[in-house]
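Line by line, the protein sequences give chains A and B.
Counting from 1, position 34 in the first sequence corresponds to residue 34 in UniProt numbering; the numbering is continuous, with no gaps.
Counting from 1, position 149 in the second sequence corresponds to residue 149 in UniProt numbering; the numbering is continuous, with no gaps.
Hints are computed from structural coordinates only; laboratory data are not their basis.
Be aware that a few hints might be false.
Which bits of chain A does chain B cover? Going by a derived footprint, with three or more residues having C-beta under 8 Å, they are [to be verified]: (1) 94-106; (2) 119-132; (3) 194-202; (4) 208-217; (5) 237-249.
In this text, all values refer to a predicted model and were calculated from it rather than measured experimentally.
Glycine included, every Cβ here is placed at the ideal spot set by N, Cα and C.
Each chain is listed here by its residues.
Number of protein chains: 2
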Amino acid sequence: MLYLIGLGLGDAKDITVKGLEVVRRCSRVYLEAYTSVLTVGKEALEEFYGRKLILADREEVEQEADNILKDADISDVAFLVVGDPFGATTHSDLVLRATKLGIPYRVIHNASIMNAVGCCGLQLYKFGETVSIVFWTDTWRPESFFDKVKKNRQNDMHTLCLLDIKVKEQSLENLIKGRKIYEPPQYMSVNQAARQLLEIVQNQRKRGEEPAITEETLCVGLARVGAEDQKIAAGTLQQMCTVDLGEPLHSLVITGGSMHPLEMEMLSLFSMPENS
Amino acid sequence: MLYLIGLGLGDAKDITVKGLEVVRRCSRVYLEAYTSVLTVGKEALEEFYGRKLILADREEVEQEADNILKDADISDVAFLVVGDPFGATTHSDLVLRATKLGIPYRVIHNASIMNAVGCCGLQLYKFGETVSIVFWTDTWRPESFFDKVKKNRQNDMHTLCLLDIKVKEQSLENLIKGRKIYEPPQYMSVNQAARQLLEIVQNQRKRGEEPAITEETLCVGLARVGAEDQKIAAGTLQQMCTVDLGEPLHSLVITGGSMHPLEMEMLSLFSMPENS
Chain A
1 MLYLIGLGLG DAKDITVKGL EVVRRCSRVY LEAYTSVLTV GKEALEEFYG
51 RKLILADREE VEQEADNILK DADISDVAFL VVGDPFGATT HSDLVLRATK
101 LGIPYRVIHN ASIMNAVGCC GLQLYKFGET VSIVFWTDTW RPESFFDKVK
151 KNRQNDMHTL CLLDIKVKEQ SLENLIKGRK IYEPPQYMSV NQAARQLLEI
201 VQNQRKRGEE PAITEETLCV GLARVGAEDQ KIAAGTLQQM CTVDLGEPLH
251 SLVITGGSMH PLEMEMLSLF SMPENS
Chain B
1 MLYLIGLGLG DAKDITVKGL EVVRRCSRVY LEAYTSVLTV GKEALEEFYG
51 RKLILADREE VEQEADNILK DADISDVAFL VVGDPFGATT HSDLVLRATK
101 LGIPYRVIHN ASIMNAVGCC GLQLYKFGET VSIVFWTDTW RPESFFDKVK
151 KNRQNDMHTL CLLDIKVKEQ SLENLIKGRK IYEPPQYMSV NQAARQLLEI
201 VQNQRKRGEE PAITEETLCV GLARVGAEDQ KIAAGTLQQM CTVDLGEPLH
251 SLVITGGSMH PLEMEMLSLF SMPENS
C-alpha cells in the first residue's frame, strides 16, 4: 500500500494520530522536500516519528517514482507531504503511477494553506482561483496570473497568493556545466510579492489600463500559519511592501471587493496602524 | 486559553498529535455538533481522547458562548470542530467574543472538505466560490446559488457544493408549541443534490434561459472523504441522480469547463460506466 500522508503546517506534532501510526509501521518513509516546508527540519521529524526519512526532491519523485513505489504492492510505503497531499499536481502523478502498477493507495489528509488561510477571518467559500507568484528575474517577469486576481475581484472573491519557493535550484552556470551544486533555498516574502504586484499595477497604468487593484487594496499577509509564532497582518497592498512578518513561509491574500461585517471584524484583530 | 481544534474528517484518530495533547490537558472540552459529522460518534471520541465531551449545538454556541468561555482566561478550554475550525463563520463569532473578553486563543488546524476534496484529482487552486445546496421544501426552493456555479463555469473553475445537514431541527408544529422535540438528523445525498440541480436546469430552460450546466456536465460525487470506506464517483450530472455512495456525508463537485489532462486521468480512476 502507498500511503500519502499530509503533515500539516507547523511542526512534527501536526501529523494526525492516524498518520503517525502508519509512518511508524511502513517499511520505507519518504519526505517530499520541494513544494513546502515545516518550521522544523528533517531531523526533528525523524526524532519524533522514530523513523529514518528518505528525502525525495522533485527530480526523484518525477524520475525515480519507481524506486519510491518498489515493493509497495507487498509492503507499506509512506510518502509524506507538508500540508495536504493534494495541494500540488505532482502527487497525482505518483498516484497514477501506483495505480498503473496495481498498487493500492490511501490518503491521510491534513491541513494545508488552502484551508488554514481561513484563520485570518476571511470566509473560505469566498475564495476564488488560487494564484502563484514566482520570483521575477531580469528577463522573466510574468504578469499573466494578474488576470486571475482581476477575475476574482470582479466576482467579489478573495485571492490566495502562494509565494514562490526555490529549493535545490542550480545556477545557470552550474546547470550548463552539469555541476550538481545547488543554490541556498529561497522563500518569497510578503514584501517581495507586494512589490512585484505594485510593479504590475504601475505597468498597467503606463499602458493606460485600469488595474484591478491599487496601492490601497486591502490585503492580508500571513506567515508560518499553524505554528506557535504565526503572524497575520491586515493592511493595504502598500503596507504589505514593508510589513515585517519574519521567517518563511509567507502567503498573501488579496481581498475581494465587498466583505461580510464578520470578516471585517476578524481582520481588525490583525490590522496594521494606518501610517505604518 | 481557548483552543479551537480541528478533528479532520474521518474518525477519532484524525485529530493531530498536537490537538490530542491539548484535548487531554484542557479543563473543559466542547464538541461542536451542528455543521458536520465524523464517521464515529461522541462516545468513540470520548473513549479515544480519554475525556468527557460537552456537546455544543448551534443554540449553545450562539447564546451561551459565555459559558463556553468561562474561566478560559485562567484555564484551558478546547472547542472541537469536525474538519477545520475556520470552515464556518460561526467560529469567528467565538473568537471575537473571546478576544473582547481578553481571552487568548489558538487554532489547531486540520483537513476539511475544502482542501481534502483534492483527493478526487481536480486541482484545488482551480476551485472557484464554494456553494451550499439546501434541502428544498414545498414552499422554499432557492435557486440563487446557481449564479455562482455559472460564474465559476464561465471562468473555467470547479464548484464544490456543500450539501445540507439538518441536526436538531424542530418541526414547525413543535417550534410553535415550544416543544423541544427534535427531528432525526438529515443529510443531503449526492442524489438529492443532483436532482435539485436538474430541476433548476429545467426551470431555466422553461424560462428560455440557457443553463450553465446540463444533464451531461461532468460531476464528481464524494462520500465520507478521509474515512476508510470513502467513495468517489465521476460521471454526468444525470448519473449523480442515481449513483449509490452510501452513508453520509456527501459532497458534490461540478467541474469547470476545461480540464488539465492530469485531472482527466485522475478522474478516470473514479469514472462510472457510461450507461449507469
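Residue count check for the stretch 119-132 of chain A against chain B: does it reach three with CB-CB under 8 Å? holds (count 12)
Checking C-beta pairs, does the stretch 237-249 of chain A have three or more residues closer than 8 Å to chain B? violated (count 0)
Closer than 8 Å Cβ to Cβ for three or more residues is the test here. Does the stretch 194-202 of chain A pass it with chain B? violated (count 0)
Please verify the coverage claim for the stretch 94-106 of chain A: does it have three or more residues whose C-beta sits within 8 Å of some C-beta in chain B? holds (count 3)
8 Å C-beta criterion, at least three residues: is the stretch 208-217 of chain A covered by chain B: violated (count 0)
Hint compliance for this structure: hints 3, 4 and 5 are broken, all remaining hints hold.
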